Amino acid sequence: MKRTFTRREFLRLMMAGGGAAVLAACGGQSGQSTSPTAPAVVSQPGSKVKITYWGSFSGNLGEAEQAMVKAFNESQNEVEVEYQFQGSYEETAQKFTAALQANTTPDVILLSDVWWFGFYLAGAITALDDLARQVNLDFNDYEPVLLNEGVRKGVHYWIPFARSTPLFYYNKSIWAEAGLPDRAPETWAEFSEWAPKLVKSDGSRAAFGHPNGASYIAWLFQGVVWQFGGQYSLPDFTMTMTDPNTLRAAQFYQDTVVKEKWAILSPNLNQDFIGGAIASMMASTGALAGIQANATFPVGVGFLPRETNFGCPTGGAGLAIVSRAPAEKQLAAMKYIAFATNPTSAGVWARSTGYMPVRISTKQTPEMIEFFKQNPNFKTAVDQLPKTRAQDAARVFVRNGDQIIGKGLERIIVNGEAPSSVFADVNDELTKAAQPILEDLKAVEG
Amino acid sequence: MATINELEHSVKPTTVHQRRLPLSLLGWRIAGYLALIITVLIIGLPVYWTVMASFKETREIYSLPVTWWPTSPTLNNFPAAWQAAPFGRYYLNSFITTFFGAGIEVILALFSAYALAYLHFPRKDLVFLLLLAALMVPVEITIVPNYLTIARLGWINTYQGIIIPGAAIAYGTFLLRQAFMAVPHEILEAARVDGAGHLRILFSVVAPITQPAIVTMALLSIVSKWNEFLWPLIVTNTTDMRTLPIGVFWLRNSEGLSNWGVVMAGSLFLIVPVLITFLFAQRAIVEGMTAGAVKG
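Going line by line, the protein sequences match chains A and B. With our numbering applied, the first sequence has no gaps in its numbers, which climb one by one up to 446 at the end. With our numbering applied, the second sequence has no gaps in its numbers, which climb one by one up to 296 at the end.
Isolated chain A (complex conformation) (with noise of 0.2 Å):
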């Protein structure tokens, strides 16, 4: 879930008013076409029905998923997929808000965690039970915790596709030159006692490393306020901000930066711990691989550390389909999200970027046990997936919400402000932004 804060960032904030406010005209709508009805295209017998793929894989990600959609217009000949690139997540979502408007929509899209919900309420996105059932898809291969976070009143809107977790990344070189066992903390509790052991006198090395509010802090914090027993927020989206074991992750935070001064907030984690200047940190599994083959000394992973409990978000990517694509390219586009999560696929898949398997029986093929063997450092990352659950509604449902709760954090740890008042500016500044989500969920769900 790496970002580096430039111009996608400039845009994306410039953007944002604009695209909220497009947006909120599609929720407006929402009210009466909440099922839209596809239209039927009676295409001839035997020709292929071509579908459109927005997608926002670029570099090696995006040569993997250009393979991957190869692969399936050469395994059958009733579907051609056409997969377009369309920029950062972000910008695949505000151009998927435009495209709505001017009728120029693709059949299935590639939605982030933070996006995909708004344009559920939108309606944007169509059921996919029905289309599922047609191909035979089984959702009881998926892995659970995975498939949830896309469904709504027990309809499937969302299929996870690029998903990714956070693990605990630590450099092996220091921890040995520490004198500390070779894994990750068990407990925060017993990271602090190690932390002073890491860290360089003269300040050029932490034992730790945070991201900024723009690398998506407030993904990673998410399992670190699970882990104190808080929460962002409830399920009813009822803001938690100043829930008392909130605030003492929070407080826990700051004292790594402010006090104990033994971690450091970083605009480029995974630099920084390549270059070794800070001995280890969290980040997503989707960048275990890069960071492996770059590193110059060896990589450890472990689950996250406990601390009253064990906590750990899922993030990344899923697939979509779009209500107004007509019916039968929505079925051609089902077909596509099929074949791209069948067991097979979703091994490619994995080995080759990183992220999570997500078929429950890809774990069993003879490539992935293979590949375990070879990288025990994802096999890490796989056996921490059934310990995770989905985040709260407060980083994914409320709009922006992510970075309104990463901005709180950056008060916290860069200017040392008290995390009770921080928190308590937060909760409501969230509970505000929530408000016209509640309202388009109550006029879509009831």
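No lab work stands behind these hints, which were simulated from the structure alone. Computed from a predicted structure; not experimentally measured. Even glycine gets a Cβ: it sits at the ideal position worked out from N, Cα and C. A couple of the hints might just be wrong.
[Unchecked claim] Here chain B is said to cover these stretches of chain A; the calculated rule only asks that three of the stretch's residues, wherever they fall, bring their Cβ under 8 Å from a Cβ of chain B:
1) 61-67
2) 78-86
[Said to hold, decoys possible] Label pairs and their in silico Cβ distance ranges:
3) Leu220(B) to Glu190(A): 54 to 64 Å
4) Ala390(A) to Leu45(B): 37 to 47 Å
5) Asp138(A) to Pro65(B): 50 to 60 Å
6) Glu193(A) to Ala35(B): 49 to 59 Å
7) Ala182(B) to Glu63(A): 47 to 57 Å
8) Pro376(A) to Ala35(B): 50 to 60 Å
9) Lys387(A) to Leu34(B): 55 to 65 Å
Start from chain A and add chain B according to the hints.
Positioned in the frame of chain A, the structure of chain B alone reads:
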């Protein structure tokens, strides 16, 4: 006063001149060079870093402390970047959109600036005010309405879709109008007396005199079209319609670690043509100035 006078008299005037003036001059010169060095460093370091990184392996780019010279220079990044995406096609698209985009923009700016500077028509002030207002609107604000308009015209994923919304930019008209206003009236009157029409005056009199301003405006326009990212990304869907900046962006990884050596090599594909354009255009700016001075 007396003491100062005595002091001045005791020192020979010639030595005062030789010592004082060069000293203060030297001070200014040092300050000037310092400012120059700082400017070059601020502008040049990122460029230097880009060039060096494109010859490094990704592992070296990520390692600390940073290396200022590639320890094991490699040329692999360039073919890797070129093969990762259809850069030949991106070049073609970038050339087409930049050439027509900047060309139309310069021509429209020339005509509209001429009208605003020299012609008399009712509510001219209002038109200029409107222009200034357009200058204040950030491009990002207009993206969604522009997208809807282009989509309804059926221009998504076409060259005209990329080019037309950016074809008339208020700042070009504003810049040239200001330059045209500075042209002495006598020259224009002389041309009019000789029987020159508006087109003749614009292209044979005003344009040569204000060449530096026009070339500057054209350069700014070319660079902004060449580097434009968000609009072409939004208005195109397929790879064969994409431009260079999107190609470079494609080289980056959305999650995890980017292969920076390859990304930097891709960035050089983008930078080099603009650099060459600058080198040539720079000459036109200097020539224009002297040409104007002789005529004026």
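Cross-check of the supplied hints:
{"no.": "1", "hint": "61-67", "verdict": "holds (count 3)"}
{"no.": "2", "hint": "78-86", "verdict": "holds (count 4)"}
{"no.": "3", "hint": "Leu220(B) to Glu190(A): 54 to 64 Å", "verdict": "holds (58 Å)"}
{"no.": "4", "hint": "Ala390(A) to Leu45(B): 37 to 47 Å", "verdict": "holds (45 Å)"}
{"no.": "5", "hint": "Asp138(A) to Pro65(B): 50 to 60 Å", "verdict": "holds (53 Å)"}
{"no.": "6", "hint": "Glu193(A) to Ala35(B): 49 to 59 Å", "verdict": "holds (52 Å)"}
{"no.": "7", "hint": "Ala182(B) to Glu63(A): 47 to 57 Å", "verdict": "holds (55 Å)"}
{"no.": "8", "hint": "Pro376(A) to Ala35(B): 50 to 60 Å", "verdict": "holds (56 Å)"}
{"no.": "9", "hint": "Lys387(A) to Leu34(B): 55 to 65 Å", "verdict": "holds (59 Å)"}
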